[in-house]
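K.L.:
So the protein sequences, as listed, match chains U and R.
When we follow this note's numbering, the leftmost residue of the first sequence carries the number 1, and every step to the right adds one.
When we follow this note's numbering, the leftmost residue of the second sequence carries the number 1, and every step to the right adds one.
The hints are simulated quantities; they were obtained by calculation from the structure and are not laboratory data.
Watch out, some of these pointers could steer you wrong.
Unchecked claim - For each label pair, taking beta carbons as the anchor points, the in silico distance ranges come out as:
#1 VAL212(U) / HIS353(R): 27 to 35 Å
#2 SER122(R) / PRO288(U): 24 to 32 Å
#3 SER122(R) / GLY267(U): 37 to 45 Å
#4 ASP459(R) / ASP23(U): 50 to 58 Å
#5 SER122(R) / ARG237(U): 13 to 21 Å
#6 ARG443(R) / ALA60(U): 19 to 27 Å
#7 ALA60(U) / ASP459(R): 28 to 36 Å
#8 PRO458(R) / PRO447(U): 22 to 30 Å
#9 HIS353(R) / SER122(U): 27 to 35 Å
#10 LEU406(U) / PRO100(R): 20 to 28 Å
Note that CB positions come from ideal geometry on N, CA and C, so glycine has one too.
Number of protein chains: 2
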Amino acid sequence: MNAELLAQFRALLGEERARADADTLALYASDETPRSCPPLAVLFPVSHDQVAAIVRLALAHRLPLVARGAGSGNVGGAMPVPGSVVVSFECMNQVLEFDPVNRLIVVQTGVITDEIDRIARSAGLMYAPDPGSGAYSRIGGNLAMNAAGPRCVKYGATRDHVLGLRAVAGDGRELKTGSRTSKYATAFDLSRLLVGSEGALALITEATLRLVPAPETVATLRVCYGSNAAACAAVQRIMAQPVTPCALEFMDRRSLSAIREYGGAEGLPAGTEAVLMVEADGAREDVPRQIAALEAALHGDGLLEIQSGFDKAAIVRLWTARKSLSMAVKKIAPRKINEDVVVPIGRLADLVHAIDGLGERYRVPIVSFGHAGNGNLHVNIMVHEDDSEEMARAGACRDALIDVVLSLGGSLSGEHGIGSEKRRYVARELTPETLGFMYDLKRLFDPAGILNPGKKLPD
Amino acid sequence: MNAELLAQFRALLGEERARADADTLALYASDETPRSCPPLAVLFPVSHDQVAAIVRLALAHRLPLVARGAGSGNVGGAMPVPGSVVVSFECMNQVLEFDPVNRLIVVQTGVITDEIDRIARSAGLMYAPDPGSGAYSRIGGNLAMNAAGPRCVKYGATRDHVLGLRAVAGDGRELKTGSRTSKYATAFDLSRLLVGSEGALALITEATLRLVPAPETVATLRVCYGSNAAACAAVQRIMAQPVTPCALEFMDRRSLSAIREYGGAEGLPAGTEAVLMVEADGAREDVPRQIAALEAALHGDGLLEIQSGFDKAAIVRLWTARKSLSMAVKKIAPRKINEDVVVPIGRLADLVHAIDGLGERYRVPIVSFGHAGNGNLHVNIMVHEDDSEEMARAGACRDALIDVVLSLGGSLSGEHGIGSEKRRYVARELTPETLGFMYDLKRLFDPAGILNPGKKLPD
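All chains should be modelled from the sequences, with the hints used to inform the complete structure.
P.N.:
Rendered as structure tokens:
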């Protein structure tokens, strides 16, 4: 980047907090998306005011800014675009206030997601959203994408746990949204407009998050079925009865084989084609009743086995295996095209059945797993990037998958967002009018188009 | 209204659905706000398309439109402004789809709130938000104001139960927001931007609402304290332990005296200065444990009595009394200035204490009751409209109350919204920048300013 501008950023942030050396640029050239584009510089602000100053300077120079939490997203949300500067929030990691009486916490948005939960637990509370990346993802990235996770089937996604935000819009104006109260009907809901806006409207610097009582205990079931259809039918039965589990995860046969060496698929009965991981949480006295209700709903055609009574260590192993899936599938082929589709629960079986058909038709291995209780599947089309014929088939398969999801009343993304990778599909789902309002909002908050250009919205 | 324009509305809607006779105009001249302003006409559309046609015709004539559900709001949200036309949604009362498998219902926005709950219960589900006006309020009004109610301490407000909307913006563009899925990370969150926007951005015509499992049973406690402070301390203890009640209502001494003849304050022990109504819901086997935990938290200084074991009829009587309060307080003085303030739970005792002081200082009777578990109090300053000296004191008292609430980290409105009645205070709470974004959003959705002018936003 031009030395004068870099010097100005250094004057704002300090010498060490505005970097343009080759190592740093290479390190921040991508997120978990399998492509890269080195930025012109990487900035490491430590405060809201520094972020505001960055936006204003960038605005004056029409310099694109790409906000970055941990870079753990996989849709290119934090991937630089040509000529852009990365604003890394990793040094904005201060907990500004923990207020257990009012069940809230105020954090800078570079705080690590699980750290928020850890602090909450010290006072018997919990930060409910639990993305698979929680151990390293930063809350700002969770807010930008409206991240979720297994617990969200019971507790809702990131959006449902935000009381208020501080942010800097693309036009340099500073925003303070929401309140510290659990009910609020005063302003327009600017908080939720920013949550899920993928760094394209404003840079979120601070968040006031809602905490909930931590459950006393959690119990886990591993449930094996002879077919995907049988597992999907069980998911529908679970969600049709009153006990909402705090996790209802689905893994297909290929997922199970991928995690075998992680210890997550030990002792599966012969003929297992799909596994559900089901959890209930709550008071110690109440969880057994919940588990009994869930077990009753899990029974049905194709059930092979319900395993329960796992000890803590075994539960950790199961979840480690489940959470390793995102990486473990790469054993099947070096690259995955990962779709994060979501359908109404009643159509989950149709989706899984259609995916089988697509895999056969396009001759690509597809690995599906995810948050079945929300109808949210991670569908991984496994490919070899150097095989252009296979890549073409995989692309066509992905394209057909999107059409299937939309025909089932579903949506492109349940929790990963759109980023650069899925925006070509957005116009298939949204009406032109609704898309028009999104462009209008983008222009309102970021008239110069400096915030994460080429993301979220189609061209 | 000008005969030609009326004829055009009649051509759109049918003869009977565009009225300008004196009786109709008088009937729609106000909502529950103690002021009135007859509209030029009242329109009764039956479909989204008719609403879209109304907005376009109104836009061509720069004619202000005031959306109206049941007219049960008390901040002037549905009160006509001079030269305006009321769009009544009462004929848009169709349930378009009830889908228990996917735990959702799609309704036109003129459907009565409790009717949605009644339908949900037929399949073991519940529509959780339960405003006191639910028996007659229409869901469109609930959406416009982000209405809540007692159950919202556990289940969240209207905003938390919206999956998607259809609407017509002030510029005539039609919007379709959200999805039918329980997770969603595709578009900007336009749904929640419209919820709570008080008919000033768009007219909401259809809503896809999230339903939750209905609890098997509910148990109710009536708890008497010797002082407001003791009751507030108990509220704080309740919200600091893990069992979240499904209602935590507060009534001060004057409230109790107002409902005495409704049967809601029978057999209170001598010295009762404040009552909490506390409920727990859930599975039959689990509610006793919850009640035991709540009772333990209710114990403390100033506790006079915990009554439990009410039968169904007694519970209905208690709630009828509680819900009659809004009207019953009028026994104390003919008019109430009703504030719907909300503070963080930890500041509730400070608020109640400050209100006592304000009542003394300004020599006005103040009746406070409300959803204490959310820190949301309905503070009623009782006045005689023809006593100008008293009215001046009451006005000053209200003004001071707002400052107290804001100094406690609270907000102007927890669930009633801003309307015409509170907009003068909005700039005290919101930063100029945040307010600027609200004006910008208003201009984006309603550039001609025809939707509910003079509401929500200060001039």
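K.L.:
Now tell me, hint by hint, if it's right for this structure.
P.N.:
Right, here's what the structure says about each hint:
1. VAL212(U) / HIS353(R): 27 to 35 Å: Since the Cβ atoms of VAL212(U) and HIS353(R) sit about 28 Å apart, the hinted range of 27 to 35 Å holds.
2. SER122(R) / PRO288(U): 24 to 32 Å: Since the Cβ atoms of SER122(R) and PRO288(U) sit about 30 Å apart, the hinted range of 24 to 32 Å holds.
3. SER122(R) / GLY267(U): 37 to 45 Å: The hint (37 to 45 Å, Cβ to Cβ) holds, given that SER122(R) and GLY267(U) are roughly 43 Å apart.
4. ASP459(R) / ASP23(U): 50 to 58 Å: 55 Å, holds
5. SER122(R) / ARG237(U): 13 to 21 Å: Given a distance of about 19 Å, which is inside 13 to 21 Å, the answer is holds.
6. ARG443(R) / ALA60(U): 19 to 27 Å: 25 Å, holds
7. ALA60(U) / ASP459(R): 28 to 36 Å: 33 Å, holds
8. PRO458(R) / PRO447(U): 22 to 30 Å: 24 Å, holds
9. HIS353(R) / SER122(U): 27 to 35 Å: Given about 30 Å between the Cβ atoms, the range holds.
10. LEU406(U) / PRO100(R): 20 to 28 Å: 23 Å, holds
Every hint, counting from the list given before, is met by this structure.
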